[in-house]
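Colleague: Sequence:
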Amino acid sequence: MNLAGHRAVCLAASQGLGLGIATELALAGARTLLVSRSVKKLEAARDHIAAIANDEGASFPGNNVPLPEIHAADLESDSAPTEIIEEAVKRLGGVDILVSNIGGPPPGRFENMDDAAWQNGYDQLVRAYVRMFRAALPELEKSDCARVLAVTSVSSRQPIDGLVLSNTFRAGLVGLTKTLAQEYAAKGILVNNLAPGMFDTDRLIELDQATAQRQGIPIDEVRAQRKAQIPIGRYGDPRELGKVAAFLASPSNTMITGQTILVDGGLYKGL
1 MNLAGHRAVC LAASQGLGLG IATELALAGA RTLLVSRSVK KLEAARDHIA
51 AIANDEGASF PGNNVPLPEI HAADLESDSA PTEIIEEAVK RLGGVDILVS
101 NIGGPPPGRF ENMDDAAWQN GYDQLVRAYV RMFRAALPEL EKSDCARVLA
151 VTSVSSRQPI DGLVLSNTFR AGLVGLTKTL AQEYAAKGIL VNNLAPGMFD
201 TDRLIELDQA TAQRQGIPID EVRAQRKAQI PIGRYGDPRE LGKVAAFLAS
251 PSNTMITGQT ILVDGGLYKG L
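Per UniProt numbering, the very first residue in the sequence shown carries number 1; after that it's consecutive.
Hints in this document: simulated from the structure, not taken from any laboratory.
Derived pair list, reagent style SDA-like, types lysine to any residue, alpha-carbon separation capped at 20 Å:
#1 Lys227 - Asp208
#2 Lys243 - Val154
#3 Lys178 - Val263
#4 Lys178 - Asn167
#5 Lys227 - Asp237
#6 Lys227 - Leu204
#7 Lys142 - Arg91
#8 Lys227 - Leu163
Just need the whole structure built from these sequences, with the hints factored in.
Modeller: Given below as structure tokens:
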């Protein structure tokens, strides 16, 4: 996959799925701006990508694998989306790719969620994506190869027990992405969702721990049960999601827009 010359803003890119996506975009040649709250974690993420590139035969600075830029920001701040895009323009010269990877709300069942929890879930998952898309839109409209990827979850198709907020609002992102894809296709902006299943991340460890506590069983038993539900029999590696993202963000993708792409090892049982 060749993304040389393309400029990508990657949210929540200091670890987990966001880092997996940012890694593959960088290895494909994209100039990337990694965004997260913690400067320390962002520096570690940049070093991580550099180490992988060196291990796989690339070098910095190189034409194919530019060293990522980093920017610390809190998406809960009203000014953050505009500031992030301004930084991207300053450091990258513009934006061709927006990866909206936003952390999920706390786990819990309906009976445990008050109005504040519902409002926070909406703000975290839907409002943050809307504001980032709005802020990035002027730069995306200038691009010859504009791509937007929203990282949702398999729960948008198949609700997961104990994740009522995530199930609800990530499903809402599917409708939003479909609408944006229709409204901006004529301007050459392709918009898709990535719907990962169970990937080996800190977020999944948190969810596994919550399930173990709720059921009163060891976390190892929970993880074994979850893996047994996945036809390929294992959790995913974040870079596996990143490889799909790199294709969808690339010039090779000329027709896929408005879709929710499941990357779940066969977990989803629907048609």
